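Protein chains in written order, with our numbering: chain S, 112 to 495; chain C, 112 to 495; chain L, 112 to 495; chain W, 112 to 495.
Calculated directly from the structure, the hints in this document are not laboratory data. One or more of the hints may lead you astray.
When chains are identical, the list treats them as one kind, so a pair holds in a single copy or across two.
Said to hold, decoys possible - Cross-link-like lysine-lysine pairs, in silico, DSS-like; alpha carbons within 30 Å at most:
{"id": "1", "residue 1": "Lys219", "residue 2": "Lys282"}
{"id": "2", "residue 1": "Lys282", "residue 2": "Lys473"}
{"id": "3", "residue 1": "Lys120", "residue 2": "Lys362"}
{"id": "4", "residue 1": "Lys238", "residue 2": "Lys254"}
{"id": "5", "residue 1": "Lys254", "residue 2": "Lys282"}
{"id": "6", "residue 1": "Lys282", "residue 2": "Lys226"}
{"id": "7", "residue 1": "Lys428", "residue 2": "Lys219"}
{"id": "8", "residue 1": "Lys254", "residue 2": "Lys226"}
{"id": "9", "residue 1": "Lys254", "residue 2": "Lys219"}
{"id": "10", "residue 1": "Lys238", "residue 2": "Lys226"}
Being a predicted model, the structure only gives us computed values, none of them experimental.
In case you want the letters, here they are:
Number of protein chains: 4
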Amino acid sequence: MARVEPQFKQLTHSYGFDDVAIVPGDVTLNPDQTNIFFQLSSLTFTIPIVAAAMDAVVDPAFAVHFSRMGGMAVLNLEGVQSRYQNTEEVVRGIVQAPVSDVTGVLQKVYSEPIKESLVGERVRHIKEGGGICAVSMTPSNTKRLSAVAAEAGADVVVVQATVTTARHISKSYNGLVFSELRHSLPLNIPIVVGNCVTYRTALELMRNGIDAVMVGVGPGAACTTREVLGVGVPQVTATIECTAAREVYFKETGRYVALITDGGIRNGGDLCKAMACGADAVMLGSTLARTQEAPGQGYHWGMANPHPALPRGTRIKVGTTGSLEQVLFGPTVVTDGTQNLVGALKTAMGMCGAFTIRDMQKVDMVIAPSIKTEGKAYQLSGAR
Amino acid sequence: MARVEPQFKQLTHSYGFDDVAIVPGDVTLNPDQTNIFFQLSSLTFTIPIVAAAMDAVVDPAFAVHFSRMGGMAVLNLEGVQSRYQNTEEVVRGIVQAPVSDVTGVLQKVYSEPIKESLVGERVRHIKEGGGICAVSMTPSNTKRLSAVAAEAGADVVVVQATVTTARHISKSYNGLVFSELRHSLPLNIPIVVGNCVTYRTALELMRNGIDAVMVGVGPGAACTTREVLGVGVPQVTATIECTAAREVYFKETGRYVALITDGGIRNGGDLCKAMACGADAVMLGSTLARTQEAPGQGYHWGMANPHPALPRGTRIKVGTTGSLEQVLFGPTVVTDGTQNLVGALKTAMGMCGAFTIRDMQKVDMVIAPSIKTEGKAYQLSGAR
Amino acid sequence: MARVEPQFKQLTHSYGFDDVAIVPGDVTLNPDQTNIFFQLSSLTFTIPIVAAAMDAVVDPAFAVHFSRMGGMAVLNLEGVQSRYQNTEEVVRGIVQAPVSDVTGVLQKVYSEPIKESLVGERVRHIKEGGGICAVSMTPSNTKRLSAVAAEAGADVVVVQATVTTARHISKSYNGLVFSELRHSLPLNIPIVVGNCVTYRTALELMRNGIDAVMVGVGPGAACTTREVLGVGVPQVTATIECTAAREVYFKETGRYVALITDGGIRNGGDLCKAMACGADAVMLGSTLARTQEAPGQGYHWGMANPHPALPRGTRIKVGTTGSLEQVLFGPTVVTDGTQNLVGALKTAMGMCGAFTIRDMQKVDMVIAPSIKTEGKAYQLSGAR
Amino acid sequence: MARVEPQFKQLTHSYGFDDVAIVPGDVTLNPDQTNIFFQLSSLTFTIPIVAAAMDAVVDPAFAVHFSRMGGMAVLNLEGVQSRYQNTEEVVRGIVQAPVSDVTGVLQKVYSEPIKESLVGERVRHIKEGGGICAVSMTPSNTKRLSAVAAEAGADVVVVQATVTTARHISKSYNGLVFSELRHSLPLNIPIVVGNCVTYRTALELMRNGIDAVMVGVGPGAACTTREVLGVGVPQVTATIECTAAREVYFKETGRYVALITDGGIRNGGDLCKAMACGADAVMLGSTLARTQEAPGQGYHWGMANPHPALPRGTRIKVGTTGSLEQVLFGPTVVTDGTQNLVGALKTAMGMCGAFTIRDMQKVDMVIAPSIKTEGKAYQLSGAR
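Generate coordinates for the entire structure from the input sequences, incorporating the hints supplied.
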């Protein structure tokens, strides 16, 4: 009997935002020298921030407002906006539900069928307000809803699931073929697809002709994906993986596919780190749910697979802490990094000598022990 | 005098469930495409879940019920079932003991002698109810009790100790020789042996002809093995070690020995990770003790070495949180991963493109920083 | 199409004070054998401790007092001392502001213009009291304020920003060229520049002719740089990096540039570790803010970029715990390492067999798990 | 100018008890097969446990009692026993002091001069009670006190300081030369020296002819050495280092020098791990201070350098939890590993297939994530 060598499964290390820090550069810039635009195919946004496709964050009015500030807001076409005419009342029902009932309420709210007429109406609302209209849907609804939305004038189509791959096998519907989707939509409508976290999946998606990849599976926590399923890759590693794919694809084809890191970003520091990992933009949920303009009325809730058998979303109170303008541009008196995100990004870029986001993607980072909250008072001497 | 080179003891890294996460696959499946059967020699179970041989989890009625759901329940032949005719009263005594007395009460309860007549009675109860009857015992009682149980119709024999090896040296009894045990029992009765945590021990056990290995020493905590004795290997590493042994043994002999990861599994995420480490099934204790059908009446207790000199078990209140069906198959409104375990496994397998448990054993995992409970509210943006 | 190899961003590990411990030496000394002087160009200080250029720590009276004790106190020329004639009243306003108003109050206080006449006055106050006068300013004000201060008799010029590099690019002012600054000031006035954290930046600064480098970006926490911007390197790694630069520069030129680790030092243990990383001195803020002689009246506040758009400083209550003499030299009854810092350093040096700070810079350190506060009571047996 | 390569200080990893776990063996033994004697030169102790030379742990009566149980108790000749005739009253003063005064009280108590007459009296008390008499002192008092104690009949001399090396340089007294000490004492009196934590220091001490080395600098916490001074090496790494030295020295000379791990041992798990690192015995403080027989009356205090300038000891309430017999041999109803230490060691040795401590020193260990106390209730399924 020949001896067989044992093979032990190898585990590689992965990192989240709390595990890393950005290393200042050899050259510094004044923040006003930096430029932070975000290019998505032929569309240019002046700030690299995307508002998450969640009912507590984006409704048509918010989308118009957010567009004017320079960012891209994504309207979820499978949320309350396309299921109900009067969404305010529905949201109020979610917000006011007792804690013990909230999962049941969410399950009920999201079981109401989607109406195509409402899809068109919401898109037109945003366009008429002068906004850029980005809409999101899950793969199984993409063919139907993307066509309706494009017809109504949508500017960007976002296809998003917990995990997205170029090949999905299903009994219940034909898997969405992204290369076909690309052909079915006008070329001036960028297609954004997510979420993924690995080099190979990102590269394969890019090779299907899509225009941007969303990065992130289970990085947060109100999304209990990691507890329930054990699946997830922390955002620093996930973004670094997908960045490697973008660069390979860019060298191979000359086509630049944008990366949007989605999930787990709590403050300016996290946002800056996402860029330092290679992101072109970030998607924010709870940070924006806390603005006065958000439809969530101080609450936020996960919409993940709200089917009766395996709920993974929950509702949390986030409070309302300031205006959208303060959160994005300041001025602010809070010192925890949740406001003036644009100022924070430009300041960090200055410290790193990065003129553009493209420069910022190349700065050094270190694995650093977490900042402990306790004992902060004793660590003041470096403050300046 | 020749110079002697110093040798420093080398320590390798080991990992538990909280330290790792599963990486999604390059292909995804709809969960209904997946198949999660668990094969133990000639027995096929439709779900890869084993109910722990503990008095708060499995009594004959529970075993029948659990069999119908597709899993394997193990009745402990050294627990109250084989010591007392009227077990309900005994359990009530444990459950109602004041905290300060509970270790003493446990010590007393488990010093009552085992009655062979009760062993036969319990086995027949399960068989007559239509259940698959798996019974467990410690090595020193195995010859005697396995014969009685087999005679009464038991389907599976589980030999279990805190640490099990193929060679045990003792003054007080002749060590159990597993190859002899294999010959003494009918071939259609699979022998499951545990617990072990290393490549070498697992391989040696397999070479003694047993049919499944249980993996885990001191992974949990109410089992205070690690505090009291310092001995223990975290479950991810332990399962990976034993998996390497199974694959080597399979390549050498063509015989597939199943691995059952036992201990430390708190939710669907842990269950999925155990499979991703190479397990064929998992053994659950406290998760099942919380079902309405469990005999523990909302409590759970360790039965480890309940001798007067070194108690290592303790009693904890786990509460009763739902029916067995909910815990296994949902529907559920809890979002912490403790219910709908089968749904969770199938969903995770879908995300990983795994049609079978055998595929799931090969997915990638990363070492990932623990999810911190605090601050969860600020990490919502990835929820979908 | 040629295959392109993916490049994944590499992350190196970095460490802070809590992550390391000093290894005792092969030889031990009695503490009274050790010598801890700090040499800054032609100036010799008998203790290697620098009082931070913060309004809660150093005013002219404190500077005089601290000089007599053997250390170097730095007066911030952009703080209240150069903006207000009557600083006590202004400090009282900061100290007494309600928590909700404090950021606003700080923003207002530090928007009052700097008066050159006050700069001269403060410098003369210190010199007339017999103190060594070190003054600090930010790069954009350096040309103007350093000239005024030098004229008035200042002994040391400290140029300090959150991140300092040899090349800063700005639209609004010509970047400060350190080699020109060196030529514009009398040679007997050492120039101290900071803060930096990397080998390359430190080396480049040294090559511009400066006399000491301050080490540290975002190591503390009341300075919320790392949360807001994500930028920062823990102090152990930062000091080790800059030490490597100092040694290279020393070997290349024979000129020894001192390193002052600034920030994050909470107790004698941290101070000793900074030295063991290669520092020649440490800058202390909150530790000194807690002395009876400090102007902060039991409070401390960050002065970082107090502009309306992105505040990064905050005010904390530190309390008043003893005299400056006790903090530096004891005697003390506190056992947490915040008093008798000089005694601690000399004792640690004795344990390491280090006669001088230069020797102490070479001792071994290990990466050690953090001391957990909880459970301390159970770890007493090593106490002696 | 030649290019100089930068040298960055290298940091190696170190580990404490909480960071590691023992791997079970390929063979198992019944605990009654194991033998745990501890050999110190010509003295044989039946259990490998040394009672710490601290006033709250060992007085002459305790030493007699502990000897009868098979262990070695060390009487501190610089504690209250050699300073006061009536020690009970002095201890009561320490125990009853208000928290705010305790450091001052300790400083005062330990400034009373040592009386040689009391040294003799205490030694004779132990010998007349039939105990083995081990006495400890610091290096500067060793010549004087060891002679007095040997004269009175002491069996073992322990020389102990926070850090001990073979070469100590001092202005105030001639460094203790251990090779001279060896010659000055009868050969049948073993000399135990500590504390040290590195390979080189341990080896050098052994080469001076001493009989045992105590391992540990700053491992605990009530001993605030690491906070105050930054100096310390965690016990697992320290013991592994000194073990390497013992083995080298043994191979070179054939002489076996015992290792006693001192400090940081809180329960049976830690004790077993110390042995698995290579220790021959462990010194216990707070664990024994909690026995009914201990002189500390439910309190414990550090005696480290109780001089007025740099106190490093503190007083903690440990409570009285059981008899010495229970702590050493059980029976016990506590499940946290603080009682029946001997039973725990023998059980762990059985799991590892170790017949003797010498075998136990060679078992495998892994670096394992800490057991988190929280969530224990959910990790019960492995209990057996």
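Hints, one by one, checked against the model:
Within a single copy, Lys219 and Lys282 get their C-alpha atoms as close as 25 Å, which meets the 30 Å cut-off; across copies the closest is 57 Å, which misses it. In this assembly of identical chains, the alpha carbons of Lys282 and Lys473 lie at most 30 Å apart only when taken from different copies (23 Å versus 43 Å within one copy). When the C-alpha separation of Lys120 and Lys362 is checked against a cutoff of 30 Å, the pair qualifies only between copies, where the shortest distance is 17 Å, while the shortest distance within a copy is 32 Å. Taking the shortest Cα distances, Lys238 and Lys254 sit within 30 Å of each other inside one copy (21 Å), while across copies they are farther apart (53 Å).
For the identical chains of this complex, Lys254 and Lys282 are intra-copy neighbours only, at 17 Å inside a copy versus 50 Å across copies, given an alpha-carbon limit of 30 Å. In this homomeric assembly, Lys282 and Lys226 come within 30 Å of each other (Cα to Cα) only inside a single copy, at 25 Å, whereas the closest approach across copies is 53 Å. Within a single copy, Lys428 and Lys219 get their C-alpha atoms as close as 20 Å, which meets the 30 Å cut-off; across copies the closest is 33 Å, which misses it. For the identical chains of this complex, Lys254 and Lys226 are intra-copy neighbours only, at 15 Å inside a copy versus 67 Å across copies, given an alpha-carbon limit of 30 Å.
Proximity of Lys254 to Lys219 under the C-alpha cut-off of 30 Å is restricted to the intra-copy arrangement: shortest distance 25 Å within a copy versus 56 Å between copies. Taking identical chains as interchangeable, the C-alpha atoms of Lys238 and Lys226 lie at most 30 Å apart only when both belong to the same chain, with a minimum of 19 Å there against 54 Å between chains.
Of the numbered hints given earlier, the model fails none.
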